[in-house]
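Trainee: These protein sequences, in sequence, are chains A and B.
Just so you know, the first sequence maps onto residues 0 to 177 in numbering that gives the first Met the number 0.
Just so you know, the second sequence maps onto residues 0 to 177 in numbering that gives the first Met the number 0.
There may be inaccurate statements among the hints.
[Stated by the list, open to error] Think about it this way: if two alpha-carbon atoms lie no more than 20 Å apart in a straight line, the pair counts; the simulated EDC-like pairs of lysine to aspartate or glutamate are:
{"hint": "1", "chain 1": "B", "residue 1": "Lys-135", "chain 2": "A", "residue 2": "Glu-16"}
{"hint": "2", "chain 1": "A", "residue 1": "Lys-135", "chain 2": "B", "residue 2": "Asp-160"}
{"hint": "3", "chain 1": "A", "residue 1": "Lys-93", "chain 2": "A", "residue 2": "Glu-16"}
{"hint": "4", "chain 1": "B", "residue 1": "Lys-92", "chain 2": "A", "residue 2": "Asp-116"}
{"hint": "5", "chain 1": "A", "residue 1": "Lys-86", "chain 2": "A", "residue 2": "Asp-165"}
{"hint": "6", "chain 1": "B", "residue 1": "Lys-135", "chain 2": "A", "residue 2": "Asp-165"}
{"hint": "7", "chain 1": "A", "residue 1": "Lys-93", "chain 2": "B", "residue 2": "Asp-116"}
Hints are computed from structural coordinates only; laboratory data are not their basis.
Number of protein chains: 2
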Amino acid sequence: MSKSDEILDVAEGFARERGYNGFSFRDIATKVGIKSASVHYHFPTKGDLGEALARRYADRFFSELGEPTAVASARRRFARYVGTFRKALTVDKKMCLCGMLGAEVASLPPAVVAETDRFFTRNIDWLQAAFPGGAKRTRRRAIFILATLEGAMVIARTFHDAEAFDATTAELASAVLD
Amino acid sequence: MSKSDEILDVAEGFARERGYNGFSFRDIATKVGIKSASVHYHFPTKGDLGEALARRYADRFFSELGEPTAVASARRRFARYVGTFRKALTVDKKMCLCGMLGAEVASLPPAVVAETDRFFTRNIDWLQAAFPGGAKRTRRRAIFILATLEGAMVIARTFHDAEAFDATTAELASAVLD
DNA sequence: AACAACCTATCTATTGATAGGCAACAACAT
DNA sequence: ATGTTGTTGCCTATCAATAGATAGGTTGTT
Numbered sequence: 000m001s002k003s004d005e006i007l008d009v010a011e012g013f014a015r016e017r018g019y020n021g022f023s024f025r026d027i028a029t030k031v032g033i034k035s036a037s038v039h040y041h042f043p044t045k046g047d048l049g050e051a052l053a054r055r056y057a058d059r060f061f062s063e064l065g066e067p068t069a070v071a072s073a074r075r076r077f078a079r080y081v082g083t084f085r086k087a088l089t090v091d092k093k094m095c096l097c098g099m100l101g102a103e104v105a106s107l108p109p110a111v112v113a114e115t116d117r118f119f120t121r122n123i124d125w126l127q128a129a130f131p132g133g134a135k136r137t138r139r140r141a142i143f144i145l146a147t148l149e150g151a152m153v154i155a156r157t158f159h160d161a162e163a164f165d166a167t168t169a170e171l172a173s174a175v176l177d
Numbered sequence: 000m001s002k003s004d005e006i007l008d009v010a011e012g013f014a015r016e017r018g019y020n021g022f023s024f025r026d027i028a029t030k031v032g033i034k035s036a037s038v039h040y041h042f043p044t045k046g047d048l049g050e051a052l053a054r055r056y057a058d059r060f061f062s063e064l065g066e067p068t069a070v071a072s073a074r075r076r077f078a079r080y081v082g083t084f085r086k087a088l089t090v091d092k093k094m095c096l097c098g099m100l101g102a103e104v105a106s107l108p109p110a111v112v113a114e115t116d117r118f119f120t121r122n123i124d125w126l127q128a129a130f131p132g133g134a135k136r137t138r139r140r141a142i143f144i145l146a147t148l149e150g151a152m153v154i155a156r157t158f159h160d161a162e163a164f165d166a167t168t169a170e171l172a173s174a175v176l177d
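Please work from the sequences and hints to get the whole structure.
Mentor: Put into structure tokens, the structure is as follows:
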């Protein structure tokens with residue numbers, strides 16, 4: 000794995016755990032085993048790093064998610080979507096990167112905000128394609144699902160209890176699918 | 000208003016805008032018009048400040064919310080609950096303090112985590128009292144509502160669009176009330 | 001006298017960022 | 001094959017700014 004990818008991996012871990020303002024170039028460098036100046040070589044400013052972080056996270060997220068039409072039933076599309084978030088919470092044991100960045104949005108460099116915005120927009124597009132219907136209602140429902148999952152991660156992490164996430168998605172399922 | 004309250008007001012504004020790691024004692028001092036050492040006089044450590052911040056925020060929140068049984072119908076209780084969050088978003092134009100802290104939970108002093116946890120617990124208690132029913136299902140629904148509103152604030156702020164919040168709560172209303 | 005509520009001055013550690021050096025390697029001309 | 005040049009990827013060393021925090025002084029009130 001390239002040093003650049005190692006840096007992104009470590010930085011993503013910190014960002015999803017502590018937030019954009021909760022880690023430094025030195026934190027990353029120490030964990031990767033290089034010097035902070037070398038991190039600046041790959042990502043000149045923290046904004047550049049944050050931007051790359053959010054873009055890579057989004058690309059990986061949607062790659063893992065697959066096409067909304069890849070599975071046939073609404074029920075299974077929902078399960079797949081929820082599962083992608085759940086894995087981020089229970090396997091990585093961390094926040095959704097863009098959920099974290101969304102909370103901090105007012106203190107982020109513009110490029111990072113743009114990538115965060117784009118992640119959410121792509122989520123809404125995916126959900127609209129997965130659960131079609133009347134345009135306006137479909138969009139509302141998409142935002143609803145996205146918001147609920149991001150919020151569920153915050154609550155579950157504060158309680159150190161993935162059950163809070165599952166409780167939320169169970170309720171969400173009956174709201175959206177029935 | 001006491002200097003201590005002024006400090007809390009300013010600090011709350013910063014925390015809800017930038018997160019716990021996004022402001023300093025000097026930021027507060029400058030805006031209040033005193034020196035950073037004077038902020039330390041009132042709140043020795045940043046943890047003390049954060050703890051006071053979260054506790055005051057929670058107390059004000061529930062004072063504004065009133066008792067869950069103060070209004071008779073489930074529909075009006077829901078409207079009151081949602082309205083309290085909506086005001087935080089549209090009047091203050093900021094995140095819910097504890098929603099922000101919940102995202103950052105892994106990088107906060109223990110006392111701040113405890114207060115954040117307590118805010119969420121009190122919310123769930125309020126919601127369970129407001130929308131009674133079978134114990135387990137009631138709790139699930141309470142977590143669901145709380146998570147959805149916190150998430151809706153994150154999305155709405157990233158999009159700079161309160162309509163995203165309203166879209167979410169409209170969907171949530173029909174999920175919970177119908 | 002005692003206390004509260006500020007202040008000045010200062011500390012050490014850390015922040016994001018830059019300048020310039022050095023070794024490894026590839027491309028290319030001789 | 002040999003030397004030259006350029007690029008990549010790291011390094012050391014350093015910067016000014018800022019972080020949270022402390023010691024101790026001043027002022028005003030009780």
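Trainee: Please go over all the hints and tell whether each is borne out by the structure.
Mentor: Against the structure, the hints come out as follows:
1. B:Lys-135 x A:Glu-16: Violated - the C-alpha atoms of A:Glu-16 and B:Lys-135 are around 30 Å apart, more than 20 Å.
2. A:Lys-135 x B:Asp-160: Holds, at about 16 Å.
3. A:Lys-93 x A:Glu-16: Holds, at roughly 6 Å.
4. B:Lys-92 x A:Asp-116: 18 Å, holds
5. A:Lys-86 x A:Asp-165: Distance ~12 Å between A:Lys-86 and A:Asp-165 Cα, so the pair holds.
6. B:Lys-135 x A:Asp-165: 13 Å, holds
7. A:Lys-93 x B:Asp-116: 17 Å, holds
Checked against the numbered hints above, the structure violates only hint 1.
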